[in-house]
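Trainee: Listed below are the residues making up each chain.
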Amino acid sequence: MSVEKEVVKFENVWAYYNSHPALQDINLAIHDRDFLGIIGPNGGGKTTLLKIILGLLKPRRGKVTVLGKDPCESRSQIGYVPQKSFFDKNFPIDVWQVTLMGLYSQTGLFRRYSCEDKKKAEEALDRVSMLKYRNRQIGELSGGQQKRVFIARALASDPKLLLLDEPMESVDPKVQGELYGLLKELQQEMAIVLVSHDVTAVSIYVDEIACLNQTLVYHGPKEISDEVLEGTYQCPIHLIAHGTIPHRVLKEHQ
Amino acid sequence: MFDIFGYHFMQNAMLAGLLASIACGIIGAYVVSKKIVFISGGIAHASFGGIGIGYFLGINPVLGATGFGLISAIAMGLTTRRTKLPEDTVIGILWATGMALGAIFISLTPGYTTNLFSYLFGNILTVPDSELLLILVLDILIFAVVALLYKEFLAVSFDEEYSTVIGMPTEKIYLTMLCLIALTIVVMIRVVGIILVIALLTIPASLARQFTNDMKKLMALSVLFSAIFTFTGLMLSYWFDLASGATIIVTGVVIFALVIAIRKLLSSRGLPSQKM
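Residue numbers (our numbering), protein chains in the order written: chain A, 559 to 812; chain B, 372 to 647.
Just so you know, these hints were derived from the structure itself, not from any lab.
Misleading hints may appear alongside valid ones.
Unchecked claim - Incomplete in silico selection of chain A near chain B, CB under 7 Å:
id : residue
1  : Y574
2  : S663
3  : G666
Said to hold, decoys possible - Taking lysine-lysine and the DSSO-like style, the derived pairs with C-alpha atoms no more than 30 Å apart in a straight line are:
id : chain 1 : residue 1 : chain 2 : residue 2
4  : B       : K405      : B       : K587
5  : B       : K405      : A       : K627
6  : B       : K405      : A       : K677
7  : B       : K543      : B       : K405
8  : B       : K455      : A       : K676
9  : B       : K543      : A       : K690
10 : A       : K718      : B       : K587
11 : B       : K587      : B       : K543
12 : B       : K543      : A       : K676
13 : A       : K718      : A       : K621
14 : A       : K690      : A       : K647
15 : B       : K522      : A       : K609
16 : B       : K588      : A       : K677
17 : A       : K718      : B       : K543
All C-beta atoms in this analysis are idealised placements derived from N, C-alpha and C, irrespective of residue type, glycine included.
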């Protein structure tokens with residue numbers, strides 16, 4: 559395995575939303591094949607963080623690099639899976655057309671999708687086991703299947719980083735497990751960052767967890783062994799879980 | 372029975388209807404899918420202000436309407452995106468402003484007073500040859516732009532947030548779409564009137580939507596349905612001596628309602644509704 563490469567690097571990053579600080583002095587390093595879950599309350603800066611990684615927002619202070627470059631320049635190497643709720647389920651579009659959309663950054667304005675583009679889209683759909691649904695209208699699929707299609711769209715451009723915004727929202731636990739299985743497979747080839755306000759959605763599959771509420775507190779992978787010792791966590795959460803469901807408890811923020 | 376095709380004005384009316392159907396069918400597919408019927412209605416009524424100014428200044432009213440239509444399209448697109456004003460509020464304001472300005476300028480114009488009613492419902496029976504050419508040019512323009520920006524229009528209509536994230540100039544593409552809608556409306560106003568433009572943009576496309584989930588097929592079917600509506604409507608208006616534009620609309624609505632009812636009946640009997 560090659561030397562770990564930094565996919566995303568935040569150095570003392572500050573960002574503001576309407577003169578309110580949305581992010582305060584964020585330091586973050588995401589390496590190749592990391593699987594990071596960022597949790598935090600709504601309004602805690604998750605969206606701002608994602609926008610900065612995608613180069614849609616410039617931080618007020620600090621330095622951000624994605625794949626060693628300015629985020630804008632690396633955007634084509636980031637696969638993005640948006641929150642489910644933003645599209646019209648009745649829109650006349652099939653799975654195939656949705657997937658092709660992911661290739662825009664490589665195809666470019668005015669151009670038609672090439673044969674090579676179509677092959678990539680086909681491969682991406684195959685990887686998420688959705689190729690047989692290619693001619694189905696997007697709204698006819700189940701929530702989990704739709705999520706898979708949106709993951710395929712993100713994968714079509716061969717990203718080095720996969721960003722998922724609330725991926726487990728309104729997906730039942732069985733399907734969540736399947737999706738995590740899929741992400742775990744994808745992790746062999748890329749870094750994955752998952753953002754959620756719902757702590758229960760961040761499963762044991764996620765290697766590292768960071769809590770974001772203006773400031774970022776990072777919980778490394780080794781913490782799992784400490785979990786029984788640590789009885790408190792600082793993120794204001796209310797978690798109910800049955801004993802049989804694997805769960806973890808994070809260290810107190812210092 | 373088909374002696375009506377012997378009249379030159381009827382030939383022109385049919386041809387105008389057919390050419391208008393091409394533009395309205397293609398653009399209507401986007402208007403219905405992206406749910407911007409009301410924005411289109413707003414642009415249509417706002418461009419009436421341009422017609423009034425055109426008359427007042429003594430220039431071709433279509434020219435005035437074009438300027439006004441394009442400006443209001445861009446204004447609507449930008450204010451709804453860049454300010455916190457709700458979209459329907461902006462539409463309402465521009466809608467009313469355009470109509471009011473149109474009425475004022477027409478009343479200020481000395482001598483020849485235009486019939487406002489003819490702009491609401493148009494007069495497809497008095498389409499001159501030059502106007503046919505104008506619609507043909509519009510059809511070609513729409514076809515070219517849609518062919519060039521097909522995947523962009525599709526992406527922006529379906530999922531604007533994602534389109535922005537992957538680096539598409541989303542706002543410019545959306546404004547281009549609104550400008551195409553404005554051009555379609557403006558060219559059609561003289562021919563079929565403000566109300567019929569809205570009807571031809573919405574009814575054929577929403578009917579076509581019942582049969583397909585594919586954007587290209589949706590466009591083709593919309594053009595076909597639009598042509599059927601105008602053709603049938605024109606025949607009926609001739610035979611029963613009714614206002615042509617209004618008859619076309621009512622024809623479309625009746626066919627639309629019938630198709631929906633039949634499909635409902637079939638699906639309640641357990642027959643699957645197959646889409647193309």
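Trainee: Give a verdict on every hint.
Mentor: We went through each hint and held it up to the structure:
1. Interface restraint check: A/Y574 against chain B, minimum CB-CB distance 18 Å, threshold 7 Å, status violated.
2. A least Cβ separation of about 5 Å between A/S663 and chain B falls short of the 7 Å threshold, and the interface hint therefore holds.
3. Taking 7 Å as the C-beta contact cut-off toward chain B, the hint placing A/G666 at the interface is violated, the least distance being around 9 Å.
4. For the hint pairing B/K405 with B/K587, the CA-to-CA distance comes to about 15 Å; that is within 30 Å, so the pair holds.
5. Restraint check for B/K405 and A/K627: not satisfied, since their Cα atoms lie roughly 36 Å apart, outside the 30 Å limit.
6. With a C-alpha separation of about 29 Å, the suggested pairing of B/K405 with A/K677 holds against the 30 Å cut-off.
7. Distance restraint check for B/K543 and B/K405: the Cα-Cα separation of roughly 16 Å lies within the 30 Å cut-off, and the hinted pair is therefore satisfied.
8. Between B/K455 and A/K676, the direct Cα distance comes to roughly 40 Å. Violation of the 30 Å bound is thereby established for this hinted pair.
9. Restraint check for B/K543 and A/K690: the C-alpha separation of about 35 Å exceeds 30 Å, so the hint is violated.
10. Between the alpha carbons of A/K718 and B/K587 the distance comes to roughly 33 Å, so the proposed pair goes past 30 Å and is violated.
11. Between B/K587 and B/K543 the CA atoms are separated by roughly 22 Å; this keeps the pair inside 30 Å, and the hint holds.
12. Under the criterion of a C-alpha separation no larger than 30 Å, the hint pairing B/K543 with A/K676 is consistent with the structure, at around 26 Å.
13. For the given pair, A/K718 sits about 20 Å from A/K621 by alpha-carbon distance, which is consistent with the 30 Å threshold.
14. For a cut-off of 30 Å, the pair hint linking A/K690 to A/K647 stands: about 20 Å separates their Cα positions.
15. A threshold of 30 Å between alpha carbons decides the hint, and for B/K522 with A/K609 the separation of about 24 Å falls inside it, so the pair holds.
16. Straight-line distance between C-alpha atoms of B/K588 and A/K677 comes to about 23 Å, which keeps the hinted pair within the 30 Å bound.
17. At roughly 29 Å between alpha-carbon atoms, A/K718 and B/K543 fall within 30 Å of each other, so this suggested pair holds.
In terms of the numbered hints stated before, the structure departs from hints 1, 3, 5, 8, 9, 10, listed from lowest to highest.
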